[in-house]
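The whole structure should be built from the sequences, with the hints applied where relevant.
Residue numbers (this note's numbering), protein chains in the order written: chain V, 1 to 303; chain Y, 1001 to 1278.
Mixed in with the good hints there might be a few duds.
Unchecked claim - Sample of chain V residues facing chain Y (criterion: CB under 8 Å; computed from the structure):
id: 1; residue: 20
id: 2; residue: 32
id: 3; residue: 37
id: 4; residue: 63
id: 5; residue: 73
id: 6; residue: 78
id: 7; residue: 119
id: 8; residue: 211
Just so you know, these hints were derived from the structure itself, not from any lab. By construction, the Cβ of each residue, glycine as well, lies at the ideal position given by its N, Cα and C atoms.
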Amino acid sequence: MEITFWGVRGSYPVPGPMTVRYGGQTSCVEVRSKDGGCLILDAGTGLRALGQKLARESGGAAGAYHVLLSHVHWDHIQGLPFFEPAYIPGTTIAVYALLTAADELQHVIGGITRHEFFPVPLEAAPAQIQYNEVEPGVRMFIGEFQILPIALNHPFGAVGYRIDAGNTSVAYVSDTAPFTDVLHKQHFLRGLEPLSDDDRATLLQIRADLVNALAKCDTVIYDTHFLPDEYRKFPHYGHSTPDQALEVCAEANVRRLILFHHAPSHGDDVMDLISASYKEKGAALGIDVITSAEGMSLRVGTT
Amino acid sequence: MKLRFWGVRGSFAMSGKDFLRYGGNTTCLELVTEAGERLVIDLGTGATELAKSLMSGPLGKGVGELNILLSHTHLDHIQGLPFFTPFFIQGNKLNIYGADPAGTSLERTLQNQLAPHYSPLEGLENLAAEVKIESFQPGEKLTLGPFKIATGAVPHATMWTTAFRIEAEGKIVTFLSDVEYPDPETPDAGAVALALGADLLIHDSMHADEEYGMRKGWGHSPVAAGVIIAEAALVKRLALFHHSPDATDATIDGMVARAQARTKVPLFAAAEGDYLEI
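Here it is, written out as structure tokens:
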């Protein structure tokens, strides 16, 4: 497999001189199998450039695309209306997401192009867009990819995905808080709330299931939005630190950890420091730590 | 009166080395009087940078008040709202004024933007600041502190957006973005009235003139449309605005040079950066 990062930023796109090297666009990762099969992980603003590339590659011909969403916060879906293949007739776009409320996915995701937000509704786009619900723990098969959705700990719910193909594996674990201080449910958190015993048990279960799902995964892309001191200020925001990611990956015997979902305030110089410092911390645990940057492509496995 | 562009990009925020001189953030402008009173237009991603600069003033201490005009609620004009720090500080008063061109009230629209699916803020009521949202009808006049504002509806593809003529300290700034006239070759009377004699006209110039034919009906103007309004309205200066996400710094340089060659109205391309004296 090969993975390419089209957007690595969390929360909102950050243009300007501070993000030239690591990139300013929000979550979007392309996964390619050796046979050319393609999965798109999240539809943040990075999806626009990926769509332009896919349309160029196909010479403007219709294609079939699979977009796996972690959740539907703006920074993970706002690239969808700017995805060029959506405007090529005959194209099909299968979107996979967690149903987190009573509303149907097509209303929630299609709702980002309601009249007041965007000039052209997605449902009127020439491509056919299908919405598929995912369920944590229930495997899906798309082409040669075997995909396991994994429950995460994020406001209003999010899922990670472990993707196996051709004897290798990559997992996408974004967005998630750690499993110690907050159990995210479907209500607004002003700050920390006391955890009940049930909440603690639920968190331990989510963590155990995650470690289990990531067992011996080759490459794990993980939400490492915060540095530890930032996390302590905002433990209720639903994001992790590289240390917390390393802990999970060490327990799951992961070979390589990719830092992802960089905070908007972390400019290139800060990212250089994070990258160097966690490369070292990872090495001590036997984990190869790489900091994702927009435009970066990595081979996963030998084929 | 001074003006600062915090976001000049249309449709989509663009990062990277090709967008450093003009800037990649989406629409957000700040007007400041000599006495330091402020007015903000639109809350695109540029608003996140504006927010940082406001933190050293009263809005950073929870004792500030800020008036914000929204031209419309397409995402590139509001996507900075959930990250605009003054909203998260108790004691601040933020007043948002806009029209309801989509048939949904402005308040409902912003509430939808912060709906639990889309944002961990889960609704306007969770913003710590006191937020007032007021809809107006285009054509109404607003007085916000020292700023006297005339409003008007201008066509924008399947809807319309609000243009503003803002007067303070004897100077006039007209904001005419996200507009496509049925006939860009003929000066639109409503637009000319809003821009008449303005010290600065900020105009949608998303498309290079030679590309406009392919993008007609998308709701944005060719460079020539702004030039025609500027000439008819006898404005003192024209700022090309709402740059296409595909327009690199070099592309915009070329658009400015070609536009300046065809008119005597001094013009420039809006860029993120320092305060401009009006």
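Would you list, in rising numerical order, the hints stated earlier that this structure does not obey?
2, 3, 4, 8
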